[in-house]
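*Asks:* Here is how the chains run, residue by residue.
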Amino acid sequence: MSDPKDTINIENVVASTGIGQELDLQSVAMDLEGADYDPEQFPGLVYRTQNPKSAALIFRSGKIVCTGAKSTDDVHESLGIVFDKLRELQIPVDDDPEITVQNIVTSADLGRNLNLNAIAIGLGLENIEYEPEQFPGLVYRLDEPKVVALLFGSGKLVITGGKQPVDAEHAVDKIVSRLSELGLLD
Amino acid sequence: MERPSRQRQREQQAEQTSDETLQCPECSSTDVITDADQGELVCDDCGLVIDERSIDRGPEWRAFNHSERQSKSRVGAPITETMHDRGLTTTIDWKDKDAYGRSLSSEKRSQMHRLRKWQERIRTKDAGERNLQFALSEIDRMASALGVPRSVREVASVIYRRALNEDLIRGRSIEGVATSALYAACRQEGIPRSLDEVAEVSRVPQKEIGRTYRYISQELGLELKPVDPKQFVPRFASALELSEEVQAKATEIIDVSAEQGLLSGKSPTGFAAAAIYAASLLCNEKKTQREVADVAQVTEVTIRNRYQEQIEAMGFR
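Sequence lines, in order, name chains A and B.
Just so you know, we're using the UniProt record's numbering here: the first sequence kicks off at 1 and counts up by one.
Just so you know, we're using the UniProt record's numbering here: the second sequence kicks off at 1 and counts up by one.
Treat each hint with caution, since some may be false.
Chain B is nowhere near these chain A residues, computed Cβ spacing over 12 Å in every case [to be verified]:
#1 GLN26
#2 ALA35
#3 PRO39
#4 GLN41
#5 VAL46
#6 GLU98
#7 ARG112
#8 ASP143
Result set (DSS-like, lysine-lysine): computed pairs, CA atoms no more than 25 Å apart in a straight line [what the hints assert, rightly or not]:
#9 B:LYS225 x A:LYS156
#10 B:LYS72 x A:LYS174
#11 A:LYS174 x A:LYS163
#12 B:LYS72 x B:LYS97
#13 A:LYS163 x A:LYS70
#14 A:LYS5 x A:LYS63
In case anyone wonders, no lab produced these hints; they're calculated from the structure.
These figures come from a predicted structure and were not determined experimentally.
Beta carbons are placed, not taken as given, at the ideal position from N, Cα and C, and that holds for glycine.
Chain A on its own, in the form it takes in the complex:
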């Protein structure tokens, strides 16, 4: 039996930071090459970095959200690019603003089909949410680590809500052990 942990793949990392001063987005949008700013659509300015690929949402308050990166290193790298760009526009940015990871989305594969009905009953109906009429996945909220896992009939799963990459590994371990305890993994 291959280890489902080997199939873990980080799909998205969301982090937030701030440069500590208010911005005039209109003028930043004019000066910054490749920035999207449409206040009627979205109040923030969207700046996309190509390498590593990610999108930074820059808000009027000076707070910045970086999303779409594939790892925590990528987040730091692409935010570094954003900071450099802002410094080029004569906007003072601290040397090393604090970057906090808010959410990590991971996917994994248990490698076998799951009987979601049995899992829903086995894991206890109070912890899970399974409404096939509304969504084909089973939502399993774990307390430790505090993440939410979406389990699908194909055996694939999505783990979201983690703050560290290891959260996903712990969650997969826990799900695998809970499911094999119940004899639902064969």
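Since the structure of chain A is provided, determine the placement of chain B on it from the hints.
*Replies:* Only chain B this time, still in chain A's reference frame:
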């Protein structure tokens, strides 16, 4: 107004005594029965009479048909959760007739009209009660439109009242909570209606119903099992005028294919519809995919996809 028959009363009494775990002092069996005819408490194992001349709590009168029961009973209708006042206050009916069925004089008629108006106004004491009255009448209206039996309406009303007591309605629409209470009640009572069907008779969109349902079922800890597609089979089959044979076949198809894990993550209505379609073909009572899809409120594409998987699982290919 239906009154429990004597026999049912007796069964209930027998149940109650066994619930209290009365023990026979002779053989310490817990099989103790109340015999209402003899007025005795008897051990069913050794036959020891534990207590005699027990009090009969049933009515002292006997009635053999509905009208006799009506004339002899001295109590009103049973209380019901489906009315905001549990059906305890007086309602003045709209027929301007006296107790003998004669029409009222015009003077009396306008008096009754005024009385009725004020009775209707003072039945609710504040806005909270008026809202509850509105919500419960919504539940009743939707239940009628869906053809849901009385018992489910009671359950839906209880769920709504619980949501009200736990302050879950704040920030949500009354109609939305009422609709999801009805949806939950149908599922709890094992006669599920799909969200589509419920949304059709409701004044709120399906998305909101689903969202509110998830919220109240989580907060109230309803712990409803996922809907079993088999529960849809009799209703859909009778709407399509299919025979018992087709129903049995469809149930079998669902059992076999669900066993192989085909049901995981699939909509139960679509699954049931495909099984009925497959069964109707196998039993030579063919219905078109369009007909089945209309009854089950799914698309033909869903039926085709599920049908392919099920047929494969059954090994007919």
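*Asks:* All hints are to be evaluated individually against the structure, with a verdict given for each.
*Replies:* Each hint, compared with the structure:
no.	hint	in the structure
1	GLN26	holds (36 Å)
2	ALA35	holds (34 Å)
3	PRO39	holds (28 Å)
4	GLN41	holds (23 Å)
5	VAL46	holds (28 Å)
6	GLU98	holds (35 Å)
7	ARG112	violated (9 Å)
8	ASP143	holds (15 Å)
9	B:LYS225 x A:LYS156	holds (22 Å)
10	B:LYS72 x A:LYS174	violated (66 Å)
11	A:LYS174 x A:LYS163	holds (17 Å)
12	B:LYS72 x B:LYS97	holds (23 Å)
13	A:LYS163 x A:LYS70	holds (14 Å)
14	A:LYS5 x A:LYS63	violated (35 Å)
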